[in-house]
Amino acid sequence: MHKKELGLFILILVVGAVVTVINPLFLSGVNLGNTANLIGLFGLFAIAQAFVIITAGIDLSVGSVIALLGVLFVDLVGVQGVAWPLAILLMIAVGLVMGAVHGLLIVRMGLQPFVVTLCGLLVYRGIARFYTADATAGFVYGQSFPDLEWLTVGRTYGVPHSVIVFLVVAVIAWVVLHRSVFGRHLFAVGKNEEAARYSGVRSGRVIIGAYVICSGLTALSAIFFAMYTRSISPSSHGNFYELYAIAAAVLGGCSLRGGEGSIVGVVLGVILLQVLQNLVNLLGIPSSLNFAVMGTVILIGVIADQQFARFRDRRRAARSVEARLGEPVQQHAE
Amino acid sequence: MTAMDTAAPLLELSGITKVYPGVVALDDVSFSLAPGEVVGLIGENGAGKSTLMKVLGGVVAPTAGRIRIAGVEYPALTVQQSMAAGIAFVHQELNLFDNLDVAANVFLGREMRKGPLRLLDNAAMARAVQPILDRLGATFRPDTPVLRLSLAERQLLEIAKALSLDARVVIMDEPTSSLTLSETARLLSVIEALKRDGIAVIFISHRLNEVEQCADRVVVLRDGRVAGRLAKGEITHDAMIRLMIGRDLKTLYQPPARPRGEPVLRFERLRTTAHPDVEVTLDVCAGEILGLAGLVGAGRTELARAAFGIDPAAGGAITLAGRRLVRHGPEDAIAAGLFLVPEDRKQSGLILEFSIAANIALPSLGSLARFGLVGAERERALAEDQRRRLAIKTPDVGRLATELSGGNQQKIVLAKWLAMEPKAVIFDEPTRGIDVGAKTEIYRLMRGLADHGVAILMISSDMEEVIGVSDRIAVMHRGRIAGELVREAFSEHNVLTLAVGRELEPA
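Read top to bottom, the protein sequences are chains H and U.
Numbering of the first sequence is given in my numbering, commencing with residue 74 and proceeding in unit increments.
Numbering of the second sequence is given in my numbering, commencing with residue 19 and proceeding in unit increments.
So that you can see chain H by itself, here it is in the shape it has in the complex:
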């Protein structure tokens, strides 16, 4: 674990400890279980976002994708009677296609990621509202899909399955990002696309891959969200989720300039954000202040990180002088 991540981890412990002291309910099984469930749900698409941010891109369409696919999924399973495993596969396939379209527009047409995914945000939200005629989509009263429900909202030994899926995805994402050739190429393209190209990295494919992974994972999280809320209001479901994902990724050490970030950091970022939400609830802070608390903490975190980076750069500069002279700088003092 890097120092940045260690700092985040300590911050989570401190916030947790403070909340516990003020309101011991924080450590109750019910509260921990609920918080963990939310961490799992939000974590899935935060990891997704991290892949895109590392390429110096951004995906603003996450919330709308969650709304549209959620509406579609509930409709397919609840109304159209499609077998749920097939519906899950279909949703993920649609997610992958959306990602491929985003990636192709960015790479082949040279459009800006912000613009492409902003259009996605508007288009998917609009389709979701049109599809349901702006009505809330939900399962009919009494409808039940035991296997699907067990899989998505069930618990094993008290651990929500959403968290288990999130952790599995996190481990796979960690391997892909930090151990695979594709992951290395992602970092290379994000940091210096030109040098990556000169080294033979197919930067276009790498970027498209990141968007495909992003929307594919978001589709998976859309299914969990749909099953968690069971009723989906197409105009508000998933609102702001993309910003939430970006916040978690930035807190976790991703740079919006690309080329930086880690899965451990993003996971910790997601946990911290959920713990903060929980803090607002448990400490009786008006929930209207929710966003303000989040915003303040992120700002403080980013400023602290900036200061630390400056300190590190100064030290590195000193070291590079040493390396150039071939010997420690103190030599001069003789």
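Be a bit skeptical, because a hint or two may be false.
Unchecked claim - Part of the chain U face toward chain H, derived, beta carbon under 7 Å:
#1 E349
#2 I352
#3 P360
#4 Q365
#5 I369
#6 E371
#7 L380
#8 L383
#9 A387
#10 V392
What the hints contain is simulated information worked out from the structure, not anything from laboratory work.
Where is the CB? At the ideal position from N, CA and C, for every residue including glycine.
Use these hints to put chain U onto chain H, whose structure you have.
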């Protein structure tokens, strides 16, 4: 009031010296300029012309020497002092905002305002610009968007900007390098007009014809010193070239260990997007180092980029070891065994924030990986091998590339490719900004590669390097191959003559 003999010099530089760590860029240069005088400033790439102009512009402070402008003496100028003294630059890369119109560019930073809200007074600015445009014979208007101006017109606009600032000295750095013949002729007549108005012009150019046409005097720089001065009657091609060269070249040459083999990298009637109407045909053979010389902007880098698949070719063919590369990208060139060590090491050669090991392994990750996973051990081992082989000076290949010196960074770029099996390697300015010791090592590595049968194309603007390292030299001029030289015909005179677009006299 005739300016010629009565006027004291507008500008006088005496004993200007500029020392950078390890390099003397200017060594005791003296230079003066009278009103209404056009002085040609010439010299090879790196002779010190730009540094001298930066001293005048107040961007670089000289280590020693004096600058005297209109009777006032300065040890060094600030940018503001230089502007106040009426020194204006017409840059090689034009400093214009193409999202604004002509008048807005002229008045940028000192906009005219009106009314209680101090809003922009576009009409007044347009009125102020129009007479200057008329004086220069410009056909565009003050409200023409710069986006719609041709390159030549943009240059006129730069000059207009200088005139609106009451410039008394206009410095033109390679003003004609991208102009057509008729545009050049027009620029030269504009220079005549400036002269008549008593404005002094410093004309920096590799185009000796134009220097010959417009200069009243010529100052030649070589290795940071004034190599000679030519008065009006003495300005001839030969005289200028003779002064530009004439230094003893240390012999760096390491003869090849094996005879030249078959052509490996072939350009056949290749046209690049930068020079789409010129065809280049060139063979680089196994075991040879072919030096590619030419002035900056002659189209050498474009050739390299086309070969490596960074830019598509406009026409013609590139073959590598008998296989034609068609619409290829860098990954295809690399797979075929053609590698490029790019000109801009920090931007295109390396990912500075990556570790040394990660940089070295980047192109070979595919073959290094098992099941798509990067083996940290194998990566490290590969980097360690290369560190030893190239004597990269670092305590640890896990350190970031940015921590190394230029020479060691360049070795990392080389290491990327040496870890694979090259058939041909293109080096673009391989030793720019690198100290002498590291240079020699890089030459040795190049020769080592050639002796293993690799074809090497070395693009270089460093005359000493081109002549000292190559087995054969091809010289480019305005996108075409102006001539090829075998080792017996190597001389600075011959390379320069071809580089400025002149024919070699039959020996």
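*Against the earlier hints, flag every one the structure doesn't satisfy and list their numbers going up.*
Structure breaks no hint.
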